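Novice: Each chain, written out:
There are 2 protein chains.
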Amino acid sequence: MRPKIAIFGDSITEESFCQGGWGASLAHHFSRSVDIVLRGYGGYNTRWALKVIDRVFPPGVDWVPIAVTVFFGANDACLSDRCAGFQHVPQDEYKQNLRSIVSILKRRWPETKVILITPPPIDEEARLRFPFIENPEGQPERTNEAAGVYAKACMDVASECRLSCIDLWTKMQQIPDWKKACLDDGLHLTEMGNRIVFEELITKLKENGLRLETMPVDLPLIGEIDPSNPLKSFEKI
Amino acid sequence: MRPKIAIFGDSITEESFCQGGWGASLAHHFSRSVDIVLRGYGGYNTRWALKVIDRVFPPGVDWVPIAVTVFFGANDACLSDRCAGFQHVPQDEYKQNLRSIVSILKRRWPETKVILITPPPIDEEARLRFPFIENPEGQPERTNEAAGVYAKACMDVASECRLSCIDLWTKMQQIPDWKKACLDDGLHLTEMGNRIVFEELITKLKENGLRLETMPVDLPLIGEIDPSNPLKSFEKI
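Heads up: the protein sequence lines correspond to chains S and R, in order. Under full-length UniProt numbering, the first sequence has 98 at position 98, and the numbering climbs by one with no breaks. Under full-length UniProt numbering, the second sequence has 190 at position 190, and the numbering climbs by one with no breaks.
Treat the hints with caution; some may be incorrect.
Note: identical chains are not told apart, hence a pair may lie in one copy or across any two.
Straight-line distance between alpha carbons at most 20 Å, and here's what the computed SDA-like set of lysine to any residue pairs gives [stated by the list, open to error]: (1) Lys-232 <-> Ser-80; (2) Lys-179 <-> Gly-20; (3) Lys-51 <-> Ser-233; (4) Lys-4 <-> Phe-57; (5) Lys-232 <-> Gly-85; (6) Lys-236 <-> Pro-58; (7) Lys-4 <-> Arg-55; (8) Lys-232 <-> Val-52; (9) Lys-232 <-> Val-56; (10) Lys-51 <-> Leu-221; (11) Lys-51 <-> Asp-226; (12) Lys-4 <-> Arg-32; (13) Lys-232 <-> Gly-42; (14) Lys-180 <-> Gly-148; (15) Lys-204 <-> Ser-164; (16) Lys-4 <-> Pro-58; (17) Lys-4 <-> Val-56; (18) Lys-4 <-> Val-37; (19) Lys-4 <-> Asp-62; (20) Lys-4 <-> Glu-15.
In short, the hints are calculated from the structure, not lab data. These figures come from a predicted structure and were not determined experimentally.
Model the full structure from these sequences, guided by the hints.
Specialist: In structure tokens:
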């Protein structure tokens with residue numbers, strides 16, 4: 001059986017197989033070597049993720065992913081006194097929840113590489129133009145500053161647990177005109193935003209020893225098949 | 001565990017998670033309900049597929065896909081006396097190999113919906129402009145006529161085995177300017193070509209009783225979570 005990489009997160013994970021999405025790009029990159037298992041849950045924060053983690057990754061299931069991405073925080077960082085306040089999780093609890101998620105994954109699968117991803121930056125003005133729910137106060141439910149605080153908290157947990165972390169909040173803001181270039185509704189990712197996640201993730205996987213070039217390929221590649229005796233290639237498999 | 005759909009075929013399956021690819025679109029469509037298992041092997045014909053099928057779907061593996069697409073023929077239909085002749089499989093053997101593949105899948109998984117997909121049409125002129133291997137004769141290694149013969153053979157096997165079949169060869173040629181609109185190198189699919197496969201496949205899955213709307217969703221959707229008591233939604237899961 002092929003190795004698997006599970007991607008666990010909120011809507012930015014759930015939607016990662018959209019046109020140009022980072023999950024699809026990951027599946028394409030590893031098309032002959034790794035299965036990508038999509039476990040994205042739109043709107044979820046770390047508190048809810050922790051409640052459902054045994055349903056997402058049932059204990060006793062006989063597959064061990066070689067890597068898991070944990071990509072939460074965009075919902076935790078909703079401001080508590082605004083329209084999406086029910087998704088808010090205080091910063092200290094967010095850190096504690098991330099630690100618990102990591103600890104559950106590492107206890108179950110000690111060899112699995114866990115990679116954290118911070119929430120992306122927020123374009124507050126676009127959040128007002130594309131409300132997800134009724135917003136009578138007319139204030140953005142997320143701010144870039146709050147997202148940054150959660151991104152920092154995510155980096156801190158990664159460093160504490162000695163895990164790789166993609167600091168998406170910082171990375172994206174290095175792109176010229178990042179609000180338009182990387183975000184399509186002030187929160188979710190454009191194709192360029194998706195490409196950044198994909199490229200950063202490939203880099204982090206490599207840093208963890210998981211590179212396409214050294215992974216077993218599932219069955220002989222066409223270039224390895226002898227045109228004068230193709231069936232010979234399948235004798236030794 | 002989520003249900004799975006396996007997609008089994010040649011390069012048009014292997015590359016189906018590219019930008020706008022039909023496999024990625026399928027994974028996106030079913031992002032909260034079905035895992036898509038990619039098993040595409042570039043360059044393979046049905047003879048080779050049959051040799052490796054027990055490696056692709058190992059007997060005794062404990063997952064049963066709800067559906068499998070079988071998408072071969074583009075390589076079988078290579079002309080025997082041209083540069084890709086080593087990939088050629090005679091038409092009668094192609095039919096027999098397809099029957100064997102179907103029979104192995106149905107014996108292993110009697111309830112699984114098997115959906116056949118015919119090879120796409122061929123733009124011969126583009127095949128000369130984008131050679132995959134050395135082509136000293138300067139003749140296209142595939143012709144549209146031959147692809148049509150294999151498409152018809154695939155339809156015949158589907159009808160004989162009472163399976164759904166996507167007649168891609170015919171469908172695509174109904175699109176105005178299909179050579180440019182659907183094919184990017186005379187064989188592989190453009191975004192529009194990919195969209196046709198995706199849409200046809202969704203239709204065939206529905207005809208087989210597999211529609212998104214009636215499938216269980218993995219964990220509560222954000223719209224089903226009570227903002228005044230979010231955790232209540234996770235008590236009953």
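Novice: Run every hint past the structure and note whether it holds.
Specialist: Against the structure, the hints come out as follows:
1. Taking identical chains as interchangeable, the C-alpha atoms of Lys-232 and Ser-80 lie at most 20 Å apart only when they sit on different chains, with a minimum of 19 Å there against 65 Å within one chain.
2. In this assembly of identical chains, the alpha carbons of Lys-179 and Gly-20 lie at most 20 Å apart only when taken from the same copy (18 Å versus 24 Å across copies).
3. For the homomeric pair Lys-51 and Ser-233, the shortest alpha-carbon distance between copies (10 Å) is at most 20 Å, but the shortest distance inside one copy (48 Å) is not.
4. Within a single copy, Lys-4 and Phe-57 get their C-alpha atoms as close as 13 Å, and across copies as close as 16 Å, so both meet the 20 Å cut-off.
5. Taking the shortest alpha-carbon separations for Lys-232 and Gly-85, only the inter-copy value of 16 Å comes in at or below 20 Å, while the best intra-copy value is 63 Å.
6. In this assembly of identical chains, the alpha carbons of Lys-236 and Pro-58 lie at most 20 Å apart only when taken from different copies (16 Å versus 35 Å within one copy).
7. Taking the shortest Cα distances, Lys-4 and Arg-55 sit within 20 Å of each other both inside one copy (18 Å) and across copies (17 Å).
8. Taking the shortest Cα distances, Lys-232 and Val-52 sit within 20 Å of each other only across copies (12 Å), while inside one copy they are farther apart (48 Å).
9. With identical chains, the CA atoms of Lys-232 and Val-56 are at most 20 Å apart between copies only, with a shortest distance of 18 Å across copies and 42 Å within one.
10. In this assembly of identical chains, Lys-51 and Leu-221 lie within 20 Å of each other by CA distance solely across copies; the values are 14 Å between and 43 Å within a copy.
11. Taking identical chains as interchangeable, the C-alpha atoms of Lys-51 and Asp-226 lie at most 20 Å apart only when they sit on different chains, with a minimum of 15 Å there against 53 Å within one chain.
12. Taking CA atoms no more than 20 Å apart as the test, Lys-4 paired with Arg-32 passes in both settings, with 12 Å inside one copy and 18 Å between copies.
13. For a Cα distance limit of 20 Å, the shortest separation of Lys-232 from Gly-42 across copies, 17 Å, qualifies, whereas the shortest one inside one copy, 48 Å, does not.
14. Only within a single protomer do Lys-180 and Gly-148 lie at most 20 Å apart by alpha-carbon distance; the minimum there is 18 Å, versus 46 Å between protomers.
15. Taking the shortest alpha-carbon separations for Lys-204 and Ser-164, only the intra-copy value of 7 Å comes in at or below 20 Å, while the best inter-copy value is 42 Å.
16. Taking the closest pair of Cα atoms, Lys-4 and Pro-58 come within 20 Å of each other both inside a single copy (15 Å) and across two copies (16 Å).
17. For the homomeric pair Lys-4 and Val-56, the shortest alpha-carbon distances inside one copy (15 Å) and between copies (15 Å) are both at most 20 Å.
18. Within a single copy, Lys-4 and Val-37 get their C-alpha atoms as close as 7 Å, and across copies as close as 11 Å, so both meet the 20 Å cut-off.
19. Proximity of Lys-4 to Asp-62 under the C-alpha cut-off of 20 Å is found in both arrangements, the shortest distances being 12 Å within a copy and 16 Å between copies.
20. Taking the closest pair of Cα atoms, Lys-4 and Glu-15 come within 20 Å of each other both inside a single copy (19 Å) and across two copies (18 Å).
The structure agrees with every numbered hint stated previously.
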